[in-house]
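Enquirer: Chains as they are written, first to last, in our numbering: chain A, 1 to 465; chain B, 1 to 322.
Among the clues, some could well be false.
[To be verified] Some chain A residues judged to face chain B by a derived CB distance under 10 Å, without partners named: (1) T76; (2) R113; (3) I287; (4) S293.
[As the list claims (entries may be wrong)] Ranges between beta-carbon positions, derived for each pair: (5) A:E445 - B:L310: 50 to 56 Å; (6) A:E371 - B:V63: 27 to 33 Å; (7) B:D224 - A:E445: 54 to 60 Å; (8) B:I94 - A:G281: 49 to 55 Å; (9) A:D117 - B:V53: 16 to 22 Å; (10) A:T96 - B:Y51: 41 to 47 Å.
If you're looking for bench data, these hints aren't it; they were derived computationally from the structure.
Note that the coordinates shown come from a computational prediction; the quantities given were computed from them, not determined experimentally.
We put the beta carbon where it would ideally sit given N, CA and C, even for glycine.
Each chain is listed here by its residues.
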Amino acid sequence: MSQTSVNHRAAGRRVVSSVALGLAGALALAACSPPGGEAEPTAEPDATSTGGATAAPVGDVSCPAEDTTIKAYVETGFPIFAELAAEFENQYPNVTFDIREDQFAVITQNAPRTLADSDTDIMRLPQMSDLASQGLLLDLDEYAAAFGWDQWPSSQLEQLRVDVEGRRGDGPLYGMGLNFSMTGVFYNKALAEQIGMTEPPATLAEFDEYLQVAKDAGLTPINQFNGGATGGLAFPLQGLMASYGPPSDINSWIYLQDGATIDTDTNLQAAEHLAGWIDSGYFAEDINSIDYSQMMSRFIGGESVFIFNGDWESGNLDTQMPGEVGFFLMPPLEEGGQLGAMSAPLTYGISANAGNPDCAAFFLDWVATDETARTITVEVGGSHPMGPVDAFMPEVDPSSVTAQTLAAGATVGENNGSMDFIANATGEIYAKSWTPNLQKMVAGEQTAAGMLESVQADYLEQIGG
Amino acid sequence: MASTWRTSTGTTVPAEESSGDIRSRRRADRARRLRAGLPGLALVAPALFFYAVFVLRPLAATVQYSFYEWDGIGPSTWVGVDNYVRLFTDPELIGPIVNAFQLILYFSIIPVIFGVISAAIIRKFGSSKLALASRTVLFLPQVIPLVAAGIMWTWIMATNGVLNQGLALVGLDGVTRAWLGDFDTALPAVGVIGAWVNVGLCMLLMLAGMTKIDPALYEAARLDGAGAIREFVSVTLPAVRQELGVAIIITVISALRSFDIIFISTQGGPGNSTLVPGLEIYYLAFFSREIGQASALAVALTALVLIVVLPLNRLTRTESTS
Chain A
1 MSQTSVNHRA AGRRVVSSVA LGLAGALALA ACSPPGGEAE PTAEPDATST
51 GGATAAPVGD VSCPAEDTTI KAYVETGFPI FAELAAEFEN QYPNVTFDIR
101 EDQFAVITQN APRTLADSDT DIMRLPQMSD LASQGLLLDL DEYAAAFGWD
151 QWPSSQLEQL RVDVEGRRGD GPLYGMGLNF SMTGVFYNKA LAEQIGMTEP
201 PATLAEFDEY LQVAKDAGLT PINQFNGGAT GGLAFPLQGL MASYGPPSDI
251 NSWIYLQDGA TIDTDTNLQA AEHLAGWIDS GYFAEDINSI DYSQMMSRFI
301 GGESVFIFNG DWESGNLDTQ MPGEVGFFLM PPLEEGGQLG AMSAPLTYGI
351 SANAGNPDCA AFFLDWVATD ETARTITVEV GGSHPMGPVD AFMPEVDPSS
401 VTAQTLAAGA TVGENNGSMD FIANATGEIY AKSWTPNLQK MVAGEQTAAG
451 MLESVQADYL EQIGG
Chain B
1 MASTWRTSTG TTVPAEESSG DIRSRRRADR ARRLRAGLPG LALVAPALFF
51 YAVFVLRPLA ATVQYSFYEW DGIGPSTWVG VDNYVRLFTD PELIGPIVNA
101 FQLILYFSII PVIFGVISAA IIRKFGSSKL ALASRTVLFL PQVIPLVAAG
151 IMWTWIMATN GVLNQGLALV GLDGVTRAWL GDFDTALPAV GVIGAWVNVG
201 LCMLLMLAGM TKIDPALYEA ARLDGAGAIR EFVSVTLPAV RQELGVAIII
251 TVISALRSFD IIFISTQGGP GNSTLVPGLE IYYLAFFSRE IGQASALAVA
301 LTALVLIVVL PLNRLTRTES TS
């Protein structure tokens, strides 16, 4: 190798490195404006809306007569949306659905960007207060008035209202449910018979006894997902909270109402009751490592007597174990006493950038009012359709678990016991607080009191910051 | 560096030339060099473009974001170094860093030791079928995507997985547990997956280093009466010092910035016992939507990796020249 070529190479390297530096510098400069634009402290909040786009005044809202494509972004693993869309296409042949599916965790991460950057019309929504206050969702109040959604029981849509401060429970409507689901206790009828449980326990004490009998009989009383980032013990915990104290207090906490706290006496009793179950060995030993699908496959495989879950599995269980599964709500302290259940609409929203907002809203109304759609909702989804109390209900086989969950839904309604999920209070309360604390409680590294204190501290930090 | 090249070139300037000639000559030199550099520049331009767009620009943007409070969508607010201050004051953000350092044991130290020993043994077999087979088996984990490795190991370590079945078979029912769901064993269990993945890389690096050792050295050692262990310590180990350095650096980096395996197997659980900085950055950015705080942690992690790795790099360099 000659000296000159080395010389050239060194020079070439200098040129290249200076060009690279220049390029990097130029790119860095180009990126120098604040991300997303500067915050405008002078912008005054609009008195009439929370910053979300408002639907145009509507008279007779429906889908256009020409060919229309509705872009939907929905949760994978639950066939209900696809079935409803197919039936809608059947009834309105000029409308086609373009459906993209992802896991719920992925939707949670993508939601703001998808809503901001694409013309998705209709989308499965995660915790929605941030999305609404960022103006990414369409305000559906005009549609609610046009379709008469405001005549339905207000509890159905309460969770989907977000006010100017990002608190839920009140304010403009930013979402709509395909159905509303509810949680409680599923049990394997054959195993329940083995422990002498011929009908659901009427009180919590009775439930405790059955758990002990199951344990003594060498069965695994409860399998519950609690591994990874999914603290599934929040299900029984919230059920217990509603047996010990008023569900409305829990809702105020979830809706971020002023002065609300999770660290109350009755919630402490509930958490201690749960800790008692853990100490008595009523849960499978490895719940800190099992995920949702493992819990389901174990339950379907007959490996546990009970699971705490929601009626979104009713349809599935009726297919997989027809006639073999029962359902009851977390029992009250005294027979006929107060009880409650997590109950939430399967939330869908319309994007502020939607290309066909009218057609999307028309579809959501059709889901709640069309008889075929309501039948699909019950048979495929297993949950109660949205809509007025006296609306059409399909015939359901009385021995199916779907029939039991639908009946339980009515009981919750009568008791005013419907609550949103404690994991939905803030965007990160589940992953950052409930899950680690519940997992620590299983491992004996956290007490019931310590958990509530810690969750409340995180909650205040999150809503303050 | 370039100036030393220039003085050492054969094209020395004749004494009788005037200073003006020298200047013009230098200018011509520079122009020629630039011309000669252009084809080279053209060749690297495509790669450089992608490097700039996908590495340099995101890097600059991350540094910039770290000074803002931003949710990723709406307007942002300049907060100066607040995000960095929180890194050092919030115990929740320090825990993951401690975990990452513990992982160095599993991701780096164990695989390097195991890699050196297995390479030395495989080298003894020469080019026999056994050597080929063991090389393939040990290197296979490097070929498997980390996500697949993570899923496979969660099955192995599940309550009714192969590991517990094996333990029960030999009468060790007492120690069986949900390895990834137990506060005491989750981090080591995740570490074992990392060790399994990294052993292949270390072994291959060591083998490459060992093939360049002069066989005469071994012969001489043997003539001097050295046994297998003496041979390993006095001949093999010093010869692969440089490869050892590379293996340590690569594996230490993989420990500090680990993400995939943990995301698949434990997602940081149970109760944050396997939370590492990479995962925390992901949670901050995509769940908490604190892009600024996530960026600050990412910048800090990059700095941390450099702080840990640069001295290691120097160590191996001086050792190899001494």
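Enquirer: Hint by hint, note whether the structure agrees.
Expert: Right, here's what the structure says about each hint:
| no. | hint | verdict |
| --- | --- | --- |
| 1 | T76 | 18 Å, violated |
| 2 | R113 | 7 Å, holds |
| 3 | I287 | 8 Å, holds |
| 4 | S293 | 12 Å, violated |
| 5 | A:E445 - B:L310: 50 to 56 Å | 37 Å, violated |
| 6 | A:E371 - B:V63: 27 to 33 Å | 59 Å, violated |
| 7 | B:D224 - A:E445: 54 to 60 Å | 58 Å, holds |
| 8 | B:I94 - A:G281: 49 to 55 Å | 35 Å, violated |
| 9 | A:D117 - B:V53: 16 to 22 Å | 19 Å, holds |
| 10 | A:T96 - B:Y51: 41 to 47 Å | 42 Å, holds |
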